[in-house]
Amino acid sequence: MTINFSKSILGFSLATLIMGCGATNMVSTPIENIDTIPLKISELSEQEKKTWGHADLVTDTIPGMSVDKAYEEIIRNKKGKTVIVAVVDSGMDLKHEDLDDVLWVNTGERPGNGKDDDNNGYIDDIHGYNFLGESYDEQLEFARILRLKIGGPDLQAKAKTKLDGEYQEALGNKQRYEQIFQAVKNSDEAIKKHLNKSTYTKKDVVAIKTEDETLKQSVGILMQMFNYGDSIPDVMEELQDGIKHFTDQVNHNLNKDFNGRVVVGDNPYNINDRGYGNGNPQNRAEDESHGTHVAGIIAAERNNGKGVNGVANNVQLMSVRAVPNGDEYDKDIALAIRYAVDNGAKIINASFGKSFSPKVDWVYDAIKYAAQNDVLIVHAAGNDGADLDNPSNPNYPNDQIGNGPEMADNMITVGALNPEYGSEMVASFSNYGKSNVDIFAPGGKIYSTMPNNEYDFNGGTSMAAPAVAGIAALIRSRYPKLKAGQVKNIILESGLPVKTAVILGGDNEKSGKLEEISTSGKIANAYNALIMAEGVSKGKINL
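Sequential numbering of the sequence shown, starting at 30, is according to this note's numbering.
Since the hints were made in silico from the structure, they are not lab data. Note that CB positions come from ideal geometry on N, CA and C, so glycine has one too. Each hint should be verified, as a subset may be incorrect.
[What the hints assert, rightly or not] When the alpha-carbon atoms are kept at most 25 Å apart in a straight line, the in silico BS3-like pairs for lysine-lysine are as follows:
#, residue 1, residue 2
1, K178, K383
2, K187, K388
3, K512, K110
4, K567, K510
5, K108, K335
6, K124, K79
7, K397, K383
8, K221, K245
[Stated by the list, open to error] Between beta-carbon pairs, the in silico distance windows are:
#, residue 1, residue 2, range
9, K144, K569, 47 to 53 Å
10, D193, R105, 53 to 59 Å
11, K189, P509, 47 to 53 Å
12, R331, N149, 26 to 32 Å
Could you build all of it, start to finish, from the sequences and the hints given here?
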């Protein structure tokens, strides 16, 4: 879809604090001084589209995190300490060419012998653990609440209202996508026949002159579709993805009678029923790609001539498979966090979330456990385009009850940015909230690793969180004595403060400044974060 972004750069200013780090200063040039209009995504080269999250706002006029600048001017060839980052997600492609050399290896475990060699409570956990067993498709939590009759009448009623509404919406969307796909398919075939070509361009379609009403209709349909993709095959693929998504929702996520957990064999609402799952956190299906994409954003092997560069080097990725194709279970998340902490992770990426959490106390206890053990958790804000400070829009897990005080100072919640600076810089899908969202980072149209040595673009706050987890890893690698709470505050305070108003939730009638929709009012910046970390580590900056 073609989106018009504001070219205005008025009202934007960066941090006025300038702290030295050798000959390096924090980015502080007011954006008003940029002598070129910020670029639109349509103006970016293919390479820039693939790497925009690493760009520098001042130099490139792209709201990236200044990752390339950080490597060129600060990190260079300096070695740091290896940091273990746990990816609590859908599982990873452990054989991927851009991930296989950055995997965490549990040296205390002997692979494939069916024994718990290191006595950590988990068998054959060489690269992490799989809390889902062989399950994949799952219900959303409110559907499980109804199926299992969890909670009292109020919770049941709330869950039923949610399920009824979302089921009808998903069913309607599935039918609409199917109808549109069929219309596009028929039009595609008609145009190919008319042109006597197996492939064609938008220019070819525009050039068609005909009095045939059916052919005119086909031309009109395809011209509309060119607004959503560069080619009709691309559009048809996107429509098919949509059909699959809504079919999954109808058949599994929103099907009150579906039980995806039966193959696992545990009671997911009994925290003491353990010993389930297995030591293989590999993704189970090709379209179970979420965890692989997230992992590449954090730490895909840098400068190996393949695919993409992760934000961080000196990282070992621990795969913890705990997020199914549906809502995660509180038990799995709580145990996954504890597993990561107990096995050496210093950062946990949590690109998941849900609106109902009947056993949330288990997760809260795990977050506190991570804080006690100096482990930072980076969490995605969610993709509903909603204000999380509104009590009607809960998003779990979080580190506070409602808009109250944080229960632990070790969790960062991240919203998503688009590649273009301007009024639509915050992605339309991104949640926000002065109290509940800490900072924003690149999350729209991010290019990263996919299963089977593939690469592709995905968008979501799920992509923004690992970008920040990568910054955290850079800091913890080079300044290992800094505590999780210090790393969190460095990332928030060193970001670039955006003063211009941004559209919220894709609603042109609703807008706000970042300082009104996030705790920091800033966008994450790796370059500044490393400079501030240097100052904090030497006692020159007090947070």
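Hint by hint, here is what the structure shows:
no.: 1; hint: K178 to K383; in the structure: holds (18 Å)
no.: 2; hint: K187 to K388; in the structure: holds (16 Å)
no.: 3; hint: K512 to K110; in the structure: holds (15 Å)
no.: 4; hint: K567 to K510; in the structure: holds (11 Å)
no.: 5; hint: K108 to K335; in the structure: holds (22 Å)
no.: 6; hint: K124 to K79; in the structure: holds (22 Å)
no.: 7; hint: K397 to K383; in the structure: holds (20 Å)
no.: 8; hint: K221 to K245; in the structure: holds (14 Å)
no.: 9; hint: K144 to K569: 47 to 53 Å; in the structure: holds (50 Å)
no.: 10; hint: D193 to R105: 53 to 59 Å; in the structure: holds (58 Å)
no.: 11; hint: K189 to P509: 47 to 53 Å; in the structure: holds (50 Å)
no.: 12; hint: R331 to N149: 26 to 32 Å; in the structure: holds (30 Å)
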